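Protein chains in written order, with the working numbering: chain A, 1067 to 1262; chain B, 1067 to 1262.
In case anyone wonders, no lab produced these hints; they're calculated from the structure.
A few of these clues could be false.
Note that the list lumps identical chains together, so a pair holds whenever it fits in one copy or between two copies.
Stated by the list, open to error - DSBU-like cross-link-like pairs, simulated, lysine-lysine; straight-line CA separation at most 35 angstroms:
1. Lys1094 x Lys1250
2. Lys1119 x Lys1103
3. Lys1094 x Lys1119
Since this is a predicted model, take the numbers as computed values, not measurements.
Spelled out, the chains give:
There are 2 protein chains.
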Amino acid sequence: MARTSVEAERREQIIQAACEVVSEIGFKSLRVADVAKRAQTSTGTVHYYFDTKRDLMHAAFEWNFNQSLERRRPLLESHAEPRDRLRAFVDSYLPRDPVTVTAWHVWAELWVEALHEPDLQELNENVYGEWRRVMAAIIRDGQDAGQFRDGDPVLLANALIGMIDGLALQVLLASHSMNVDRMKAVCDHVIAALES
Amino acid sequence: MARTSVEAERREQIIQAACEVVSEIGFKSLRVADVAKRAQTSTGTVHYYFDTKRDLMHAAFEWNFNQSLERRRPLLESHAEPRDRLRAFVDSYLPRDPVTVTAWHVWAELWVEALHEPDLQELNENVYGEWRRVMAAIIRDGQDAGQFRDGDPVLLANALIGMIDGLALQVLLASHSMNVDRMKAVCDHVIAALES
DNA sequence: CCGCATATTGACGCATCAGTCAACCACCGG
DNA sequence: CCGGTGGTTGACTGATGCGTCAATATGCGG
C-alpha cells in the first residue's frame, strides 16, 4: 500500500453533498458539477468514485436511509414507556430542523424516481419495511403494557406511517394550510385516539 | 375568422398525452418528442400551443387536477348517507384502475416538482384545499347525522387525506407489503374507527 | 378561386452535460 | 530519494433535446 486510503471519507463527503444538492434543487436539476462543487472537489473526482450519476444517486438514497435510522437509534432506547417512545418517534419525523427537512426531500425524490426504477423500489422496500417494523414493535409493546387500544399492530403502523408521509409532503410543499404545528396537532390527535 | 378553431381540442389532446407519458416514464425522462408522438403530432405543433416544456407540464398538472374533480362529482351526489359517501369517496382514490393510477403518478410528479417551483405549490394548494374541503364537508355531514364521532372535521380530513396520499404512494411503488387490498383494509379500519 | 388566418411540419442551431482521458500530484515504503 | 499506487484535475467530446423557423398546408369568407 502506497498511501492510506481516503476512499471511505471521500465517498461519504460526495454522497452527503449529493443529498444536499438534491434537497435544494431536486434530482431533475442536479448536475454532477453541482455535487462536485458542493463537495469542494471536481467532476473528475466524483466520477472516480461513482461510475455514473445513477450510481451516485443510488448511493445517496441509501445513505440518506441509513443516516435516518442511525439518528433515531438512541431515541428508541431512551424511553422506557411505549407511550413516550411512540410520541418521540413520531415527533422525530416532523420536518422541523434542516437535517430532517433535507432527509424528507431526498425521500420524496427517491419515491418518484423509484416509480420507474425497480432497483430503487427495492431500497424503498427496505426503508418502509424497517420503519413499519419499528413502529409496529412500539405499538405492540404499548398494547402489551395496556397503554394502547387493541388492533393489528402492523395495520395501525401502516396507517400512522402513511399519514406521516402524506402530511410531511404537504408541509414540505409550503402549504398554507399545513405546517409543522398543524401536522403535530394531527399526529397528536391520532396518537391520543390510539391511547384512549 | 378564416377557419374554425381546433385549439381547444388540440391542446387537450397534447395535455392528455403529456399526462400519459409522465405517468409512464416520469417528468425527468419526458421529452417533448415523446409527447408529440403520443399525441400523434409533431414537436412543432406541441410548441405551437405551448411555448415551453414547462408551460406544457404546468397545464398538464392543472388538467390532471380538474379531471380528478370532474370524475368524482357524480359520486358525491349519488350517496345520500354521509357514511356511504365517505366510503365511496375514499374508495375512488384507491389506485386500482389505470385512469386512477395515472392520475396518482402525475400527482406524485407534481409534488416533487413543486418542492422547487412556487407556481406549482400554488396549484397543489388548490388541489389539496379542494380535497380537504370535500372530505371535511362529508365528515361534518356525518357528524351532524350522528354517524361519525365528534372531532374537528378539518383535522380529521387532514389525517385521512394524509394517510391516503402516503399509502397510495407505497402501493404505486409496487411495495411487496402494501398493495391495493391492504390499503383498502387500512382505510376501512380507520373509517370504522371514525364511525363507532 | 383567391386571400388570409390558422395550423402543421421536421430539420436545424445551439446549449447543456455526463462521462473520458491524459497529465499531474501526494504520500508511503524501501 | 525514488518508484509505484492511489488520488485529483478540468478540458474535451459526443450525445441529447429544447425551441426556432421557413416552408407548407388547410379551410373559410368574400
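Now for the hints, and whether the structure bears them out:
For the homomeric pair Lys1094 and Lys1250, the shortest alpha-carbon distances inside one copy (31 angstroms) and between copies (33 angstroms) are both at most 35 angstroms. Proximity of Lys1119 to Lys1103 under the C-alpha cut-off of 35 angstroms is found in both arrangements, the shortest distances being 15 angstroms within a copy and 28 angstroms between copies. Taking identical chains as interchangeable, the C-alpha atoms of Lys1094 and Lys1119 lie at most 35 angstroms apart whether they share a chain (12 angstroms) or sit on different chains (14 angstroms).
Checked against the numbered hints given earlier, the structure satisfies every one of them.
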